[in-house]
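Peer 1: Listed below, chain by chain, are the residues.
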Amino acid sequence: MTDLQLWLSAMEMGCFFGMLALAYHLIYVGAGFFNFAIGPYAMMGGLCTSWLVITYDLGVWPAAAIGVAATIALAAATELGVVRPVQKRGGGELPALVAVAAVLFAIQQFAGYLFGYPTLPGQSLASFAPVPVGDITVQPSSLLLIVVAVLTFVATAAWIRFSRTGRLLRAVGDSNQAAALLGLPVNRIRLIAFVVAGFVAALAGLLFAPKAGVNSLSGLHWSLSGFLAVVVGGTGSVWAPLLGGMLLGLVEVFLPYYFGGQSHVYGMLLIALLFFAFKPQGLFVRKVRA
Amino acid sequence: MARWVAGMATLALAVTACGGTGDDADSPTDGSAKGAPIIIGMDEDSTGPGASYSTIAGKTIRLAVQDINDKGGVLGRPLRLVIENDESDPTKVPAVLQKLHSQGAKALFLQSGSAAVMQAKSTLTQLGLPAIAPTGVTATLVEPPDNELIYMLANTTTDWAEVYCGAFKAANINTLGILTDDTTTIAALNKALLGGMSCVKITATEKGAANASDLSAQVARLKDANPDAVLVTSVGGAFEVLAQNTLAAQLKDKLRFSLASIGNQPSSWKLANPGALEGLIFMGSINQDNPRTKALTELLKKANGPDYEVTAYDAEGWDAVQLLKLAIEKAGGPDDPKKLNEAIQSISGYQASFGQGNFTLSFSATKHLGADGPCGLSLIEFGADNRPKGPWATFQPPCSS
Amino acid sequence: MAEETLLVGRGLTKRYGGVTALEGVDFELRAGEILGLVGPNGAGKTTLVDLISGAQAATTGELVLRGSKLTGPASRRARAGLARTFQYPQLALELSVRDNLLLGWAARRHASLWQMIVGAAAGALRPRVPADQAAVRTLAEELGIEGLDRAAGDLTLGEQRLVEVGRALGQDPLVLLLDEPFAGSDARGVTGIAEVIHTVQRRGHAVILVDHNVDLVARLVDRVMLLDRGRVVFDGDPRECLASPQMQSVYFGSDADTDTDSGAGSPETQAEVEDVRS
Amino acid sequence: MTTTISRPTVSSDRWDPRRIPGGGGLALGVAVAALILVWVGSDGYRQTLVISAATYALIALGMYVPYLMAGSLSMAYSAYAGIGGYAVGLISARTGLPLVVAWIAGPIVAALVAVVLGMVTRRLSGFFLAAVTLLFGMAFTAFLIDAESVSGGSGGLGNLRPLNLLGWTPSHYHVVVGSAVVVCVIAFLLDRLRLSPWGVVVRTMRDAPRAVEAAGVRVPVLNIVALALGAMIAAVGGGLFTYAAGSITPDTFTLNIVFLAIFMPLIGGAGTPWGAVAGAVIAVELTLNFPAVQTSGTLLLAVGVLVIMLVAPKGVVGYADKLRTRLWALLRKERDRG
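Protein chains in written order, with the numbering used here: chain C, 1 to 290; chain W, 1 to 401; chain L, 1 to 278; chain B, 1 to 338.
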């Protein structure tokens, strides 16, 4: 494990997964469920931006702004238009799960229809020369991804700790019922959680897209990776998603390095099984005593 | 809520409208040809994972049909394309072929980009319709079972193996590392290609997911194996570019080879880091010394704009239509599928619009691969601008002229 | 009537981390007996019911039903002869009242893996067993439940409780555990539940009735156990209990520590409570 | 809405299909199936549509038991259908056994895999279960490609033998009719199963698992039985498609199908297994046979799912049923008045 390049790759993946996991985390805290549409949000942020740049010759920054705004609108629409009405009907977590699965599927199809099905190159917001580090060179987009990821986590942590909305979010996360009883604006907090999560996911997708491009079907895979990261990290703290993402990034890079081939496909399944089985309560595991 | 529903309904309607008009606008017209149209079916993947390469040839097939119709058609009758989309979904392929058949198609183009097309073989036998897979390169497609009615144009992987071996010998390469994607299409191709390359020792085979976002682990393993050269086998697209980016960064001094796909997908060249493709050698088929290639290039640039990069997919699509025209003429009409099939098998010495100048395509009852010898192939090198620079100086497939 | 000992609990204790919900509870239940379990919210009543029914595992202590040890998951204890209702009725809200009542019989026929597999095949071939349907009708008449085709979700809370009690009776239990069955019930519901209790008693089986309303319980039961902060502070005649000093001190003496909902017994809520505290 | 219409009591002892549990659904299902088969006739394309619809319906019916009755969403159904398909392919290519054996072996193997996966994931529900089973489906595809000696690798298995039932070889049309019959029979049986005591226990498990456990049924075990049953039905579907299409590859049953299968019962109506069948027919019609939107049938389907979920949670069948009830009430009112 001395190859610097591998560590850089693991870090990039880790930052990306971490940001996706952070988006999961925010919605989990605000609304108490895992929004599987996080991956498609990230895809939307990346793909919409690339499409605007390529099709309309728009500058990268305005395109990115539109892409992020569109994703935020999508996240808000998910909450207001789909999840909230469905959850209002009750019936446990299955309706919400099916609803987000439908949203995930619909966003994929819609993005394909709007932006086309081929992979588009990601647009880099940074334009400086590659930075040599040791015997490798770090691409500007990689550097930007890592820096922004860290900043995002710092900002989110500060937001949750110091702002009124952030503290309210934490209160809602502690106990949804209690918060409702106390008269906290639970619905508004939920919406804010979705919006912030949409922003974080869009940013993640936008920054990660230069690495391998983005297409309308990237979302599902990203959703799964982000979900695993949030499970591995736990939902205990704002920083947990970053930890989970980093661990997963290491697995994604070093597992194929040592075992080759498809080992990461089996590896991810194994990690999911092990983690879900041995991670004690506190997660969303149904407690049926066997 | 009501407003939301209304919005969704409007959206759905809008989508429906766009979808409808979009398809009609693409279809070729009858041109100057009169008489009852000859219906040709095309299974194209216009929206699925294979769309990025399927549509390149699909576009040129439409253009070729239009060209034929403008020039009076086949036996005085216009060709009419009916097109269905299988979204690279194998469960859809039988239904798509059946649908084309029910719309009166007399012959088919199998232009689905992925392994989904493998699912077509037995359905073709059921339908009794001859079919051409213009861009197919997987030899198993035209091997038994159910291969009586299916044809491919380009050199297959067996020829590729021969050409690569020549190249390795010329460049003094004894050990080879393979970087491959996990698609079924490529797994099938690898089996045929690598099996035929006994000329080198394959010291490492690394596989990555087709939608991978990182390949540094695979490349690091290749680095550890330290082969003389690296061959990337993939369906192309994002995987190929990521592979080349990573190889360029981590294995600078190694000679890199690739399949045809990277050369045929100009849109993916932009994905690569600056200079990342420089020195990459791919299995090309476009050779501007071929006069027919030149003519086709002019035609395509006129239709698609002067910046258009002609690819082998274009040429293969074009030739597939010309071959079918020839076969229909030989059979005296499209209506007897058996006769039409025999007519395809009787085509010999067709001068292709890809490959080197004297490259020809011939078919017979036992030869469902059109290519005559490896002249259809050419090793092309990428330049520093991430565009093909021209034939690789070290080695070119021998071509008796 | 032979005063056979049906169920014995010894030293039942439940701790969640540092919180002790139940501490060394001993009790004995004789055949045909109706035992009232009373105490303020948070006294540990539901926890005790959970420990007996197997919904939660005891930290220490043991249970003996008719001479054999009662262990394992709730389902095994149910097969041994326990049935219970829940503080918050656990009904399939989309299913009809009829189907909810049917669960007691249906469950009995799907106890083992083999029965589950055969039951699936048999169910597809013969979905409605006339004997079951008749039994459900009889039970509903007995309890005064009408409108068997209504969805359980459309019932009032009191009606839901009645259905749940009926479902438990359908299991023909040796010991029936009723967790606050009267909350939200109207007069008819109370009568129906009282009827169930007497049916069980007539069969020579026993009932444990949980409620914080001591007056109501006292009229129905043979014996009362008063719980306070996880300990038994009184065990004996209901009228004596009402007049006892323990009763006075538990309900009126100190007003501290009655803030937590008695649902705090379940691990989920317990975890939540801990979360909020930390 | 709140007015209840008192029905005239049907007191005749005559045989009445409505009094057979699930009879109404069967009558309607068979009627529609018959209409479809008449419409299909000898048109090869339409025949293939029926096969596709039947395959989708069987996968959706397989998911029906664990997903809509027991309330746990397993997404490994691409693997189960694949196992059914590979059973047909392998028995045809590697053994001399009659091909019918594949429809016994495939479902059994699928059920065993479901049991193992169910045991490993027995503590999981909701999002966790969905994620793990999704990963399992992906790993299964990777396994099919890797295990070339077993599965024929990426090229899959083809050139299947025709079925031979005691000397009778069914034609393609017979297979089409047979697939419609199989779907109707399975939907009918599931509909009855739903109403049966077994169904009552399983459906109670969804909303009130604690009550089921307290009634003496081990919820995790019954859950696994439900999963195994579902896997068997999906495997039948996979086998049917493979036989009709003549080949199977690792990519034949993709995650796309699993997503469609989740949505089909929602479109058709989750209240009855016939809803899953109706949803499958609609999904095939939209994605394969909708002339106006060739390229966006799947998109339309996705949007349709969202709309139906929000506007008509009981799906098409539920909606039709509601309309029917209202219509009858209206007619009765008219009759009473006149």
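Think of the hints as simulated: they come from the structure by calculation, not from any bench.
None of these values were measured; they are calculated from a predicted model.
Hints may be right or wrong, so weigh each one.
[Said to hold, decoys possible] Lysine-lysine pairs mimicking BS3-like chemistry, simulated, CA-CA at most 30 Å apart:
| no. | chain 1 | residue 1 | chain 2 | residue 2 |
| --- | --- | --- | --- | --- |
| 1 | W | LYS252 | W | LYS191 |
| 2 | W | LYS254 | W | LYS191 |
| 3 | B | LYS333 | C | LYS88 |
| 4 | W | LYS330 | W | LYS34 |
| 5 | B | LYS322 | C | LYS88 |
| 6 | W | LYS71 | W | LYS302 |
[What the hints assert, rightly or not] Listed next, the stretches of chain C that the computed footprint assigns to chain W, with coverage defined by at least 3 CB atoms under 8 Å from CB atoms of chain W:
| no. | stretch |
| --- | --- |
| 7 | 59–71 |
| 8 | 240–254 |
Idealized CB from N, CA, C, for every residue including glycine.
Peer 1: Each hint needs a verdict: does it hold in this structure or not?
Peer 2: Hint-by-hint comparison with the structure:
1. W:LYS252 with W:LYS191: Distance of about 28 Å is within 30 Å: holds.
2. W:LYS254 with W:LYS191: holds (24 Å)
3. B:LYS333 with C:LYS88: At roughly 35 Å apart (the allowed maximum being 30 Å), LYS88 of chain C and LYS333 of chain B break the hint.
4. W:LYS330 with W:LYS34: holds (19 Å)
5. B:LYS322 with C:LYS88: Distance ~22 Å between LYS322 of chain B and LYS88 of chain C Cα, so the pair holds.
6. W:LYS71 with W:LYS302: holds (17 Å)
7. 59–71: Violated - the stretch 59–71 of chain C has 0 residues with a Cβ nearer than 8 Å to chain W, which falls short of three.
8. 240–254: It holds, with 3 qualifying residues against the three required.
Taken one by one, the earlier hints fail for this structure at numbers 3, 7, listed in ascending order.
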